[in-house]
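> Spelled out, the chains give:
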Amino acid sequence: MKTFAISGRCIAAPPPADWREHLTLMLGAKPRRIGTWAELGLYGALRCMADAGETTLPEDAIIMLASRRGTYTATDLVLGQIHDDLPMPQAFLQTQPSQLLALLAAQTNWRGHACFFADTELHALLRLAAAQAVDGGILLGWVDEMDGGSTNWLRLRHCASVETGFVSALQYDINFNKIIYLQISAAGLQLRHADS
Amino acid sequence: MKSVYLSGRGLACSLGLDAGKSLETLSRGDVATASCFLPGVMGGHFPYHAISYACNNWNERARELVRLVAIEAGAQQARAGALFIATSSFDIGAGEPGATHRNYSAFTDKIVAWLEWSGPVYVINTACTSSLNALIAAHALLRTGEVEDALVLGVELDNLLTLGGFAALQLLSPGSSKPFGTHRDGLVLGEAVAALRLSTREFSHWKMLGGANVVDGSQPTAASAAAVVSMYQRALASSGLSADAIDLIKVQAAGSPGNDAIEAQGLRAAFSTLPALVSLKAAMGHTMGASGTAEIALLTACLEQGMWPRYTDAVDETLGVDLVAHLPDSVRRVMATILGFGGSHASVVLERA
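Protein chains in written order, with the numbering used here: chain A, 232 to 427; chain B, 109 to 461.
It is worth saying that the hints were derived from the structure and are not from the lab.
One thing to keep in mind: the hints can contain errors.
Said to hold, decoys possible - List of simulated lysine-lysine pairs, DSS-like, C-alpha gap at most 30 Å:
#1 B:K129 x B:K315
#2 B:K110 x B:K315
#3 B:K129 x B:K218
#4 B:K129 x A:K233
#5 A:K409 x A:K233
#6 A:K233 x B:K315
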């Protein structure tokens with residue numbers, strides 16, 4: 232069993248109407264040629280890190296990114312063109328979800344372990360996060376373009392000192408805005424709310 | 109922490125439909141490539157390591173190849189464990205042309221049904237390093253006791269998107285893959301479906317000690333020497349080993365003029381005395397997200413049966429590295445490395461009992 236404190240979060244489903252302007256401010260320039268999915272991911276990750284008071288991550292932190300459709304919008308665009316000619320290089324790169332991990336690493340001047348998961352169930356992902364995480368903790372995100380877009384991120388740090396006040400995640404619709412601790416075990420996900 | 113064993117393997121690649129057939133082809137030096145045609149001004153015919161298994165329906169072909177490698181790896185013994193599917197292209201080949209509204213779950217559901225899997229499922233895409241990252245993740249779940257068995261399945265099959273994208277980036281060789289070669293001129297892509305079964309309860313002669321993945325965003329489509337060094341240092345640390353404990357490294361060395369040089373630079377910096385180096389790219393091509401599992405399956409089979417790949421081009425002396433021409437006398441600890449898009453650098457450490 233592992234307990235994590237949520238030290239930062241960005242829950243944006245959908246993101247605010249002016250999210251692109253916020254992203255430009257955080258990046259210091261308008262992002263170019265990276266695709267909407269990657270832009271959404273960068274926006275949420277950087278907002279989450281800012282919420283945690285971080286501009287970069289510890290070198291032993293890990294980034295886990297999940298999505299239901301990932302870059303399939305970009306992929307469909309390329310597949311529509313590819314029978315007559317080769318895709319444009321940038322258009323092909325936008326079909327690769329791992330490009331977002333590289334962009335995030337570059338933007339935060341960080342080098343470390345990062346991984347993309349396609350359509351992986353939340354509890355399975357958290358079990359893996361608990362098994363892989365060390366002192367630097369985890370930056371965990373779910374990003375999708377459809378239905379107005381969503382970019383939800385949590386910054387998780389180990390916290391061994393909190394043991395009580397947890398309830399099973401099965402009892403609630405999870406609202407990560409109101410949760411401050413997660414407890415992960417093979418038996419399931421336990422949550423502790425801010426007001427408990 | 110528990111010991112994690114490599115308890116089964118299955119391999120379908122251009123060399124053969126199982127590890128044994130692949131070794132036979134390798135031992136004959138009978139490595140042949142098919143040809144694929146890509147449209148456009150920069151298109152044309154490119155060599156391609158296709159799996160010799162004809163079927164007009166992409167899904168039926170994928171199902172049969174997945175079934176073959178799963179049986180060979182003994183996957184039925186692990187169905188309640190964790191399944192890690194590693195791919196950079198999912199089932200894009202099945203949908204071409206004009207498919208829309210794709211969803212990753214459709215791909216996952218197909219494979220879960222083909223394997224009759226009941227345990228937790230993870231689908232990992234970190235481009236070329238996908239299956240090594242899947243191995244690293246599976247190792248973490250196993251050693252902490254979260255599961256007792258896991259199957260890591262690399263799937264990379266024919267699709268126009270990957271070939272067209274690599275051609276557009278001018279990364280493909282018009283001839284052959286020449287790892288660290290004097291005349292290297294690009295990658296030759298290939299198909300592979302490969303499975304590695306890991307277990308904490310079934311002893312085998314191969315143990316997975318650890319591994320590391322390092323993402324470096326400075327070069328979105330190329331390797332970074334500093335990241336190569338960091339990857340080796342972290343992989344060794346996770347395995348509790350020092351650099352001099354390694355006997356053999358299966359390198360990436362896909363035949364790229366730039367990336368091979370960067371990888372060689374990183375190797376020289378990470379190891380004061382370089383271990384023996386081997387590349388399998390000339391034999392089976394670069395099989396993208398499946399390359400980690402496919403190359404480990406072939407490499408461990410080579411080491412057990414005393415086979416060794418042949419290289420057609422002399423190693424570029426300016427790189428300061430060399431590929432061993434024959435099976436080294438004593439190989440106990442092995443690193444297997446893949447470098448890929450998204451600035452991803454991954455390596456795992458295996459130990460032979």
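> What's the verdict on K129 of chain B and K315 of chain B, does the C-alpha distance respect the 30 Å limit or exceed it?
Status holds; Cα separation ~24 Å.
> Check the hint pairing K129 of chain B with K218 of chain B against an upper bound of 30 Å on the C-alpha distance.
Holds, because 27 Å separates the two Cα atoms, which is no more than 30 Å.
> Does the alpha-carbon distance linking K110 of chain B and K315 of chain B stay inside the 30 Å limit?
holds, 11 Å
> Hey, K233 of chain A versus K315 of chain B, does the alpha-carbon distance stay inside 30 Å?
holds, 26 Å
> Would you mind confirming whether the straight-line C-alpha gap from K129 of chain B to K233 of chain A stays at or under 30 Å?
violated, 45 Å
> Given the proposed pairing of K409 of chain A with K233 of chain A, does the C-alpha separation stay at or below 30 Å?
holds, 20 Å
Hint 4 from the list above is the single one not met by this structure.
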